[in-house]
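Student: Single-letter residue listing:
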Amino acid sequence: MRIPGGGRTALALALLAAALLVLPFFVGNYVLSVLVVFLFAAYLGQCWNIMMGFAGLLSLGHALYAGLGAYVSAALYVRFGVPPWFGLIAGVAVAAVAGAGIAALSFRFGVTGVYFALLTIAFDEFTRILFDHFDWVGGSAGLFLPVKTLTHSDVWQLRGSPAMFYYLLLALSAAVLVLSRTLLDRRIGYYWLAIREDQAAAQSLGIDVFRYKMAAVILSAALTAVAGALQAFYDNNLYPDTIFTTARSVEIITGPVIGGVGTLFGPIVGAFVLTTLGEAMTVAGSYFGVPGLKQWFYGAALVIIVLLQPSGLWPWIRRSLRLGEDAR
Amino acid sequence: MSAPLLTLERVSKRFRGLLAVDDVSFAVPEGGIVGLIGPNGAGKTTIFNLIAGVYRPDSGRILLGAAEVGGMRPDAACHAGIGRTFQLVRPFGALSVLQNVMVGAFRSGAAPVAAERAAREVMERLGLAEKADAPAQSLTLPERKRLEVARALATAPRLLLLDEVMAGLRPVEIDAMVGTFTDLARDMGLTILLTEHVMRAVMALSHHIIVLHHGQKICEGTPAEVARDAKVIECYLGTGT
Chain Z
1 MRIPGGGRTA
11 LALALLAAAL
21 LVLPFFVGNY
31 VLSVLVVFLF
41 AAYLGQCWNI
51 MMGFAGLLSL
61 GHALYAGLGA
71 YVSAALYVRF
81 GVPPWFGLIA
91 GVAVAAVAGA
101 GIAALSFRFG
111 VTGVYFALLT
121 IAFDEFTRIL
131 FDHFDWVGGS
141 AGLFLPVKTL
151 THSDVWQLRG
161 SPAMFYYLLL
171 ALSAAVLVLS
181 RTLLDRRIGY
191 YWLAIREDQA
201 AAQSLGIDVF
211 RYKMAAVILS
221 AALTAVAGAL
231 QAFYDNNLYP
241 DTIFTTARSV
251 EIITGPVIGG
261 VGTLFGPIVG
271 AFVLTTLGEA
281 MTVAGSYFGV
291 PGLKQWFYGA
301 ALVIIVLLQP
311 SGLWPWIRRS
321 LRLGEDAR
Chain L
329 MSAPLLTLER
339 VSKRFRGLLA
349 VDDVSFAVPE
359 GGIVGLIGPN
369 GAGKTTIFNL
379 IAGVYRPDSG
389 RILLGAAEVG
399 GMRPDAACHA
409 GIGRTFQLVR
419 PFGALSVLQN
429 VMVGAFRSGA
439 APVAAERAAR
449 EVMERLGLAE
459 KADAPAQSLT
469 LPERKRLEVA
479 RALATAPRLL
489 LLDEVMAGLR
499 PVEIDAMVGT
509 FTDLARDMGL
519 TILLTEHVMR
529 AVMALSHHII
539 VLHHGQKICE
549 GTPAEVARDA
559 KVIECYLGTG
569 T
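First to last, the sequence lines map onto chains Z and L. Oh and the first sequence: position 71 is 71 in my numbering, straight run, nothing missing. Oh and the second sequence: position 226 is 554 in my numbering, straight run, nothing missing.
It cannot be assumed that every hint is accurate.
A few chain Z residues that don't get close to chain L, going by computed Cβ distances all over 10 Å [to be verified]: (1) 115; (2) 172; (3) 187; (4) 194; (5) 201; (6) 202; (7) 204; (8) 207; (9) 277.
Output of the computed footprint for chain Z on chain L, the stretches with three or more beta carbons under 8 Å from beta carbons of chain Z [said to hold, decoys possible]: (10) 430-441; (11) 531-540.
The set of hints was computed from the structure by calculation and includes no laboratory data. From the three backbone atoms N, C-alpha and C, an ideal C-beta is built for every residue, glycine too.
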C-alpha cells in the first residue's frame with residue numbers, strides 16, 4: 001500500500017511542479033497577476049500554518065508580521081536607498097523580534113487559547129494606529145515606492161514583471177513546504193504536535209513548552225515578513241489601513257482553514273480555490289452589478305467547509321486520490 | 329531495604345483554606361513498588377502533582393536520590409528522572425500510537441531513528457506493537473491506559489508515578505497490567521509509586537503501602553499489616569457500632 005501511494009504522490013507532485021513552472025509562458029498578464037495573488041496567499045497561509053497547524057497557536061493578527069516586513073523594507077529603501085534584499089532581512093528581523101516579544105509576554109503570563117488570539121489582534125490593531133500617526137513612513141497618507149520602467153526584470157532591485165514575482169513566490173512556497181515537512185519529521189515537529197494536542201501531557205514528557213512555542217511564533221513571524229517585503233515591492237504603495245487591517249489577517253487564515261489546518265498542502269490548495277473562485281466572483285460581481293460578491297463567497301465557502309469538511313479540502317482530496325502519507 | 333530513591337520530608341500543600349497535604353513524610357526505596365492509597369480526596373493526586381512539578385510544596389522537601397525536585401517545572405522533573413501518567417488519560421489524540429510514544433522517547437535525544445527504536449521496544453512491552461499506526465483517539469480505554477504508561481516509560485524514568493492506571497479495567501486486564509509492572513520493576517530496575525482504588529492490584533503489586541486520609545498519613549506497612557490496621561478499616565468503612 002505504502003509504495004503505490006508514495007509513487008502516486010511523487011508523480012502528482014512532479015506533474016504539479018512542472019505545470020506551475022511553465023504556466024507563466026501560456027497565460028496573459030491578467031491571469032498571471034491572479035496567480036501572483038494566489039501564491040502570496042498560499043505562502044502566507046503556509047507560514048501561519050506553522051503556528052496554528054503545528055503548534056496549535058491561533059494567530060488572528062498575522063497582518064502585523066507581513067506589514068512589518070513590508071514597511072521596514074520599503075521605508076529603508078525610500079529613505080536611505082537600502083537595497084531591497086537587505087531591507088527584507090531587516091524587516092524579517094523586526095518581525096521576528098515583534099513575534100518573540102508578543103509570544104514571550106503571552107506565554108510567561110499563561111495567556112493561551114482564545115485570549116492569545118485576542119492579544120494577537122490587539123497588537124496588530126495597535127500597530128496599525130501607530131503607523132497611521134507615524135509621519136516618517138507617510139502616516140495614514142501612505143508610503144510610495146518610486147516606479148521605474150525597465151526593459152528587463154532586475155531581481156536584485158526587486159523590480160520587474162509579474163512573472164519574476166511569480167517565480168520568487170513559487171520558490172518561497174516550495175521552500176516552506178520542504179521546511180515544514182522536514183521540521184515535522186524531526187523532534188521539534190513531534191514536540192509541536194504534542195503541545196498542540198495537550199500541553200500538560202507534553203510538559204510531563206520533558207518538553208520545554210515555552211521554548212518550543214516561542215520557536216513556532218518566531219519562525220512563523222520571520223517567514224511571514226518575507227512575503228510582506230515582496231508585497232511592498234510588488235504593489236509599490238503601503239497604507240497602514242490596508243497593510244495592518246484585521247481583514248488582512250483573516251484573509252491570511254482563510255486559505256489554510258479551507259484547505260486543511262495542520263496539513264502540508266492544505267494552505268496551498270485553499271489559497272488556490274479561494275483566489276481563483278474569488279477572482280471569478282469579482283468579475284461576475286462587476287458584470288452583474290453586485291458589489292461585494294467576493295466577500296459573500298468567502299463567507300459562504302467558510303461556512304460550507306466548516307459544515308461539510310471541517311478538516312479541510314486537502315484531506316478529502318488526498319483520500320479521494322488515494323495519495324500516500326507523504327502528501328499530508 | 330535499599331537506599332530511598334524518593335523521599336518526602338514533612339511536605340504540606342494548601343489550596344485556599346483546604347490543607348490538601350498535611351505534613352506528609354515517606355520514602356520509596358530504589359527498585360521498590362510502593363502503593364499510595366486512601367479514600368477520595370485523601371490527597372493522593374496532589375502528592376503526585378507535587379512530585380511531578382505541577383504544584384510547588386508550601387513547605388517540606390521532595391528529594392530524588394540526593395537532589396531536591398520539589399518546585400521544579402514538570403518538564404524539568406521529567407528530565408530529573410520522574411515519569412508520570414494522568415488519572416484521566418491525556419493521549420495526543422490526532423497522533424498515532426507510535427508518534428505518541430516517540431514524543432516520550434525524544435527525551436533521551438533528538439535522533440528520530442533512535443526515538444522510534446526506543447518507542448517500539450516500549451510498545452512491545454506494553455502490548456501496543458500492533459496498534460503502532462492507529463490514531464490514539466481510536467484506542468479503547470484499556471489501550472489508552474497502556475499508552476499512557478508507554479509514553480511515560482519511553483522517557484526512561486528512574487521513578488514512575490502511576491495514577492490509577494487500573495481504574496475502569498476488567499479483572500483480567502488488571503491482572504495483565506499487574507504482570508506487566510512486576511516485570512518492568514524486575515527487568516529494568518524501575519521504582520514505582522502508584523495510587524489505586526483497585527485493591528486487588530495494590531495488594532498484588534506493592535511491597536509497601538502508605539495510607540492517606542484527609543491529607544495526612546495515617547498508616548504505612550506491608551500490604552498485610554495495612555489491611556489489619558484499625559485506622560485504615562475505620563477510614564474506609566467508618567466506625568462500627
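Student: Against the earlier hints, flag every one the structure doesn't satisfy and list their numbers going up.
Tutor: 3, 4, 5, 6, 7, 8 and 11
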